[in-house]
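S.K.: For reference, the chains in residue letters:
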Amino acid sequence: DAKTTQPTSMDCAEGRAANLPCNHSTISGNEYVYWYRQIHSQGPQYIIHGLKNNETNEMASLIITEDRKSSTLILPHATLRDTAVYYCIVRDYNYGQNFVFGPGTRLSVLP
Amino acid sequence: DVKVTQSSRYLVKRTGEKVFLECVQDMDHENMFWYRQDPGLGLRLIYFSYDVKMKEKGDIPEGYSVSREKKERFSLILESASTNQTSMYLCASTLGSYGYTFGSGTRLTVV
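Here the protein sequences line up with chains R and D, keeping their order. Numbering-wise, the working numbering puts 90 at position 78 of the first sequence, and it's gapless, one number per residue. Numbering-wise, the working numbering puts 106 at position 105 of the second sequence, and it's gapless, one number per residue.
Fair warning: there could be bad hints in the mix.
[What the hints assert, rightly or not] Going by beta-carbon spacing under 8 angstroms, a handful of chain R positions derived as facing chain D: (1) Cys24; (2) Tyr46; (3) His52; (4) Gly55; (5) Pro56; (6) Tyr58; (7) His61; (8) Asn110; (9) Phe113; (10) Gly114; (11) Pro115.
[Stated by the list, open to error] When the alpha-carbon atoms are kept at most 25 angstroms apart in a straight line, the in silico SDA-like pairs for lysine to any residue are as follows: (12) Lys19(D) - Pro62(D); (13) Lys4(D) - Ile75(R); (14) Lys4(D) - Glu70(R); (15) Lys58(D) - Gln57(R); (16) Lys72(D) - Ser21(R); (17) Lys56(D) - Val112(R); (18) Lys15(R) - Pro40(D); (19) Lys58(D) - Thr95(R); (20) Lys4(D) - Asp79(R); (21) Lys72(D) - Arg103(R); (22) Lys19(D) - Asp29(D); (23) Lys54(D) - Pro40(D); (24) Lys4(D) - Asn110(R); (25) Lys54(D) - Asn110(R); (26) Lys4(D) - Tyr58(R); (27) Lys14(D) - Val25(D); (28) Lys4(D) - Tyr44(R); (29) Lys15(R) - Glu57(D); (30) Lys15(R) - Leu96(D); (31) Lys71(D) - Thr84(D); (32) Lys14(D) - Gly43(D); (33) Lys72(D) - Arg10(D); (34) Lys15(R) - Glu70(D); (35) Lys58(D) - Val112(R); (36) Lys4(D) - Ala72(R); (37) Lys54(D) - Leu79(D); (38) Lys19(D) - Arg45(D); (39) Lys4(D) - Thr95(R); (40) Lys81(R) - Ser21(R).
Honestly, the hints are just simulated from the structure, not real lab data. Backbone N, C-alpha and C define an ideal beta-carbon position, used for all residues, glycine too.
So that you can see chain R by itself, here it is in the shape it has in the complex (with noise of 0.2 angstroms):
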């Protein structure tokens, strides 16, 4: 089963910054938060990841609070080709286990 809840989905003006979040709250010390997004049709892609420190790449930031129970996805400037399912999982950072996708936020991006 996946670890992690998110909102069914979500809606972001074109422009705005999309804030997407996740509840994790029975992450272990190991375990590293990953988001992935799937545009239709399409295989699943890697956005980031992070383990207690905030992160940011050219797609987005991650924030992860302190107590590591939650995080946000930040997209600054939501286009409308951001709209898609976005996936938080939880995974060990150690060989061997799987990523387990859960339904995900569906986000749809607004003109």
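Let chain R serve as the given structure and place chain D on it in line with the hints.
M.R.: Then chain D, alone, in the frame of chain R:
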């Protein structure tokens, strides 16, 4: 960038046929995975492999087998296709504990 290539984007096969879905990655990744994705059920792991000639069952291996004769290639085999195997099939690869890179998917229809 790592590329994961699935040989077919769309396939239509008849019930009882033996079906091969091919996946090739070009970055010397150790780990390769096959998922299927169905509406309302999300991504479910069928089989995975951590090395050449190694395979492990995922959550739903029944009706499927796999082959990994070379590091870069991971094949999913439907021994006798059935209509309930109509689905989107996704291949992924990863190096160690890093994130997955997915292929674009193969949409298989069994008639």
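S.K.: All hints are to be evaluated individually against the structure, with a verdict given for each.
M.R.: Cross-check of the supplied hints:
1. Cys24: violated (22 angstroms)
2. Tyr46: holds (6 angstroms)
3. His52: Violated - the Cβ of His52(R) stays beyond 8 angstroms from chain D, reaching only about 11 angstroms at its closest.
4. Gly55: holds (3 angstroms)
5. Pro56: Cβ of Pro56(R) sits 5 angstroms from chain D, so the hint holds.
6. Tyr58: This interface hint holds because 4 angstroms falls under the 8 angstroms limit.
7. His61: Holds, about 6 angstroms.
8. Asn110: At 6 angstroms from the nearest chain D Cβ, Asn110(R) passes the 8 angstroms test, so the hint holds.
9. Phe113: Phe113(R) check passes; min Cβ-Cβ to chain D is 4 angstroms, inside 8 angstroms.
10. Gly114: Interface hint status for Gly114(R): holds (7 angstroms vs cutoff 8 angstroms).
11. Pro115: Holds - the Cβ of Pro115(R) comes within 8 angstroms of chain D, reaching about 6 angstroms at its closest.
12. Lys19(D) - Pro62(D): Holds. Lys19(D) to Pro62(D) sits at ~16 angstroms (cutoff 25 angstroms).
13. Lys4(D) - Ile75(R): It is violated: about 28 angstroms lies between the C-alpha atoms, which goes past 25 angstroms.
14. Lys4(D) - Glu70(R): OK: Lys4(D) and Glu70(R) at ~19 angstroms, within 25 angstroms.
15. Lys58(D) - Gln57(R): holds (24 angstroms)
16. Lys72(D) - Ser21(R): violated (39 angstroms)
17. Lys56(D) - Val112(R): Measuring from Cα to Cα gives roughly 18 angstroms; hence the hint holds.
18. Lys15(R) - Pro40(D): The given pair, whose Cα atoms are some 20 angstroms apart, holds under the 25 angstroms limit.
19. Lys58(D) - Thr95(R): Roughly 33 angstroms between the alpha carbons, so the hint for Lys58(D) and Thr95(R) is violated.
20. Lys4(D) - Asp79(R): violated (36 angstroms)
21. Lys72(D) - Arg103(R): holds (24 angstroms)
22. Lys19(D) - Asp29(D): Violated. Lys19(D) to Asp29(D) sits at ~28 angstroms, over the 25 angstroms cutoff.
23. Lys54(D) - Pro40(D): violated (32 angstroms)
24. Lys4(D) - Asn110(R): holds (20 angstroms)
25. Lys54(D) - Asn110(R): Roughly 19 angstroms separates the two Cα atoms, so the pair holds.
26. Lys4(D) - Tyr58(R): The given pair, whose Cα atoms are some 13 angstroms apart, holds under the 25 angstroms limit.
27. Lys14(D) - Val25(D): Measuring from Cα to Cα gives roughly 21 angstroms; hence the hint holds.
28. Lys4(D) - Tyr44(R): Holds, at about 24 angstroms.
29. Lys15(R) - Glu57(D): holds (22 angstroms)
30. Lys15(R) - Leu96(D): Holds. Lys15(R) to Leu96(D) sits at ~23 angstroms (cutoff 25 angstroms).
31. Lys71(D) - Thr84(D): violated (30 angstroms)
32. Lys14(D) - Gly43(D): Satisfied, since the Cα-Cα distance of roughly 23 angstroms is no more than 25 angstroms.
33. Lys72(D) - Arg10(D): Holds - the C-alpha atoms of Arg10(D) and Lys72(D) are around 22 angstroms apart, at most 25 angstroms.
34. Lys15(R) - Glu70(D): Distance ~34 angstroms between Lys15(R) and Glu70(D) Cα, so the pair is violated.
35. Lys58(D) - Val112(R): Within the cut-off at roughly 14 angstroms; holds.
36. Lys4(D) - Ala72(R): It holds: about 21 angstroms lies between the C-alpha atoms, which stays within 25 angstroms.
37. Lys54(D) - Leu79(D): holds (18 angstroms)
38. Lys19(D) - Arg45(D): holds (21 angstroms)
39. Lys4(D) - Thr95(R): Given pair Lys4(D), Thr95(R) holds - Cα atoms ~23 angstroms apart, limit 25 angstroms.
40. Lys81(R) - Ser21(R): holds (21 angstroms)
Hints 1, 3, 13, 16, 19, 20, 22, 23, 31, 34 from the list above are not met by this structure, while the remaining hints are.
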